[in-house]
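*Asks:* Going down the list, the protein sequences come from chains A and B.
For the first sequence, this note's numbering gives the first residue as 1, with consecutive numbering after it.
For the second sequence, this note's numbering gives the first residue as 1, with consecutive numbering after it.
Be aware that one or more of the hints could be misleading.
To be verified - Dumping the calculated DSS-like pairs for lysine-lysine here, alpha-carbon to alpha-carbon at most 27 Å:
(1) B:K70 x B:K110
(2) B:K114 x A:K44
(3) B:K102 x A:K44
(4) B:K73 x A:K44
(5) B:K110 x A:K9
Simulated from the structure, these hints should not be mistaken for lab results.
Since this is a predicted model, take the numbers as computed values, not measurements.
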Amino acid sequence: NAGVTQTPKFRILKIGQSMTLQCAQDMNHNYMYWYRQDPGMGLKLIYYSVGAGITDKGEVPNGYNVSRSTTEDFPLRLELAAPSQTSVYFCASKAGGSPDTQYFGPGTRLTVL
Amino acid sequence: AQTVTQSQPEMSVQEAETVTLSCTYDTSESDYYLFWYKQPPSRQMILVIRQEAYKQQNATENRFSVNFQKAAKSFSLKISDSQLGDAAMYFCAYRSEYNFNKFYFGSGTKLNVKP
């Protein structure tokens with residue numbers, strides 16, 4: 001049982017490049033989330049999903065896209081990377097019966113130069 | 001929109017002593033939940049304690065307790081008998097009763113524990 005896994009751990013992008021941050025969970029959780037954490041700041045919700053095929057915007061969705069084709073996977077796509085997207089990205093999941101116990105992945109540190 | 005404010009960027013406590021971390025929030029909702037999360041250097045987020053706004057009784061979890069003042073919109077975390085393993089970033093968070101998918105986090109307080 002690996003919990004929530006994220007790849008890659010680190011990435012440097014050039015302005016205008018695109019990439020996909022991968023997130024997978026093996027706990028059969030319906031709910032999955034993407035957050036970003038800027039230096040000295042709390043987490044901000046980018047997108048979330050309540051089940052396969054269903055996604056919704058969070059607090060800071062601009063510049064990102066998500067998809068949820070399976071229960072296990074919830075990739076986050078960055079199109080046309082900008083320096084403002086330099087951050088640490090966390091994926092999380094939770095079971096339907098535990099509204100507050102989110103299981104977080106280890107994070108991906110992204111730098112856009 | 002809801003906002004969560006943590007005014008103490010960093011605090012220090014001696015091992016075995018007690019420390020209190022502050023948090024204030026702003027909301028127009030009457031039903032909501034408040035949380036304290038711990039983020040150690042591994043960057044994983046760990047739920048420490050949870051408080052339902054409709055409950056007057058303050059939540060406690062072993063050495064962790066909160067002082068919830070609903071009228072003042074204040075939610076502080078007290079850590080008793082501090083241990084070296086308590087050193088981490090601590091985040092205060094808010095969640096609405098009506099959308100349990102949207103969490104709002106404060107900027108965090110870094111807690112140092114001195115041996």
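*Asks:* If a hint holds in the structure, say so; if it doesn't, say that too.
*Replies:* Cross-check of the supplied hints:
1. With a C-alpha separation of about 25 Å, the suggested pairing of B:K70 with B:K110 holds against the 27 Å cut-off.
2. Between the alpha carbons of B:K114 and A:K44 the distance comes to roughly 31 Å, so the proposed pair goes past 27 Å and is violated.
3. Of the supplied pair hints, the one linking B:K102 and A:K44 holds, its CA atoms being roughly 9 Å apart against a limit of 27 Å.
4. Annotation: proposed proximity of B:K73 to A:K44 holds, straight-line Cα distance about 21 Å (limit 27 Å).
5. Between B:K110 and A:K9 the alpha-carbon distance is near 23 Å, which keeps this suggested pair within the 27 Å criterion.
Violated hint: 2 only; the structure is consistent with all others.
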